[in-house]
Structures are given as C-alpha cells and as structure tokens.
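Chemist: If you want the building blocks of each chain, they are given just below.
2 protein chains.
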Amino acid sequence: MTNFFSSSKLLRINNEDGDILRVLRKTEESFTEFGEAYFSIIHMNSIKAWKKHNAMTMNLIVPTGCVGFVFTDGKDFKSVKIGPNNYLRITVPPGVWFGFKGLSSDINLVLNIADMVHSSEEVEKKEKNYFKFDWSSL
Amino acid sequence: MTNFFSSSKLLRINNEDGDILRVLRKTEESFTEFGEAYFSIIHMNSIKAWKKHNAMTMNLIVPTGCVGFVFTDGKDFKSVKIGPNNYLRITVPPGVWFGFKGLSSDINLVLNIADMVHSSEEVEKKEKNYFKFDWSSL
Chain D
1 MTNFFSSSKL LRINNEDGDI LRVLRKTEES FTEFGEAYFS IIHMNSIKAW KKHNAMTMNL
61 IVPTGCVGFV FTDGKDFKSV KIGPNNYLRI TVPPGVWFGF KGLSSDINLV LNIADMVHSS
121 EEVEKKEKNY FKFDWSSL
Chain Y
1 MTNFFSSSKL LRINNEDGDI LRVLRKTEES FTEFGEAYFS IIHMNSIKAW KKHNAMTMNL
61 IVPTGCVGFV FTDGKDFKSV KIGPNNYLRI TVPPGVWFGF KGLSSDINLV LNIADMVHSS
121 EEVEKKEKNY FKFDWSSL
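Keeping their order, the protein sequence lines are chains D and Y. Per this note's numbering, the first sequence runs over residues 1 to 138. Per this note's numbering, the second sequence runs over residues 1 to 138.
Be careful, since some hints might not be right.
Stated by the list, open to error - Stretch-level coverage of chain D by chain Y, calculated; a stretch enters the list once three of its residues show a Cβ under 8 Å from a Cβ in chain Y: (1) 37-43; (2) 46-57; (3) 107-120.
Hints were generated in silico from the structure; no laboratory data involved. Every residue, glycine too, gets a C-beta built ideally from N, C-alpha and C.
With these hints in hand, go ahead and build the complete structure from the sequences.
Modeler: Rendered as structure tokens:
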C-alpha cells in the first residue's frame, strides 16, 4: 500500500486573547516552494470528491471545524480527520486521488498551501461515486 | 501621513458545498518571499496590541469572523475591518505599529503569510494603552 500522505503535528500556543496556531515554516521539510495559498470551506456533511493533482503538492491545514480526508489509489483507501483537536499538517504529493467531508457544525475550513499556482491543466476529477468509499464511516 | 498598509480585494468563488477563498499567489505583487504562515485567533472584544515588526512583511487574511486592525506611527492612526464580508488581503511593511481586536462572536481567525520565519529579535512590543487609540470605536 502506498503512502498517500505524510503528516506533521503542529504547535498550538495558548493565549488568553486567542491561541496562535503554527502552519508552515520555510525551514521545515514539508516546504519546497510557495505557489499559492487558498481556503476551501466544506459544509457539515458535504463531500468534495474526487480530485487528483498531477503536479501540485498540497499542504492541508484545518484551523477550525473538523474535516475528514480520504486518499486512494483506486484500490486502498486511507482516511484522516483533522482539526484543532488533532492539529496536523497533511502533505499530499502529486498523483493521489482525494476527497473530503465536513464533520463539524462549526465552520470547516481547509487551508491549502500549494507549491504551484492552481491550474485546471493538472487536475483530474471523478464523480463522487466513482470510487467505492463509505463516506458515512467518517 | 504614511501609508501603513496596502490592500488587495480577494476572489471568493461560490460553491454549494462550501466556497473557495483565494489567499495569495506567487505571481501577485504582494508576494515577495515565503517565510512562515501562522494563524492568530482573537476572541470577541479581545485586543492584541501593540507590536511592530522591524524586518517582517505581513500578509493578513481573515477567512472567518471579523477583525479590526489598527496601524499607527504614534501620531496618526488608520483602521480597517476585514473578514469574509470585506474580503481583503492587507500587506503591512516592516516598521508599522499595529494591534487588532476580535469583532465577531464567530471564531475570529487571522492568517499571516510572512516573508520570514518569526523571530523575537525583530519584534518590538508596547502595552495596550501606550498609544491612545479608542478601541471602542471599532
């Protein structure tokens, strides 16, 4: 089974006026190049799937809410739930199919810090039911 | 009066499962170098002030909630409220004193994409009441 992603535990610094949440430093191994950063909101129980980037490496962070990510090569599936209570950065190399589902009634916010500017040229898409994953298991 | 910051209107792409919010692309004028990204949460009516970066350029984005930023040279003050309803990226050059206040009962989240890794060496701090700004005016 392939390693679909790597994960890094991120520091959360407590502050009575509001915590500081680390995201990414250029000195970290997960960082190669900055291309673009963007947010994706995902409503509770909504699913965005499936997509594959053929060139982009993604760094995914969920600062508020909770999001279930599923990765697949079409045969094996691997899922991970991230959010402030499991505050991880997920690094996804090119060539991995993925989808995600909003799991919290709070705003579910995904930040992607990617190594290239988004381009429809390098993205493939499939319908939600193309890969047989039981989204209710998340 | 100094220009304390510049601002860029950001694109929000509607999607029924959750919108996409642009943040920063390397091809934009606001981008020089990627150093570090981190989130600061600011509770409603809490104030974090005053701070000045002597080397860092900040790119500030508020994807959820509403945050009032105040910039000063000790004489003039300039404030701006940003959030999804006024979805701007604020670029702040080094040498500007700033503070910010949480204005929404939703989570107030500030993303800073900075051109250098955070270092206490280049940060100066003053007490909240050091500059006479009426925070209740925000």
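Chemist: Output the numbers, in ascending order, of every earlier hint that fails for this structure.
Modeler: none
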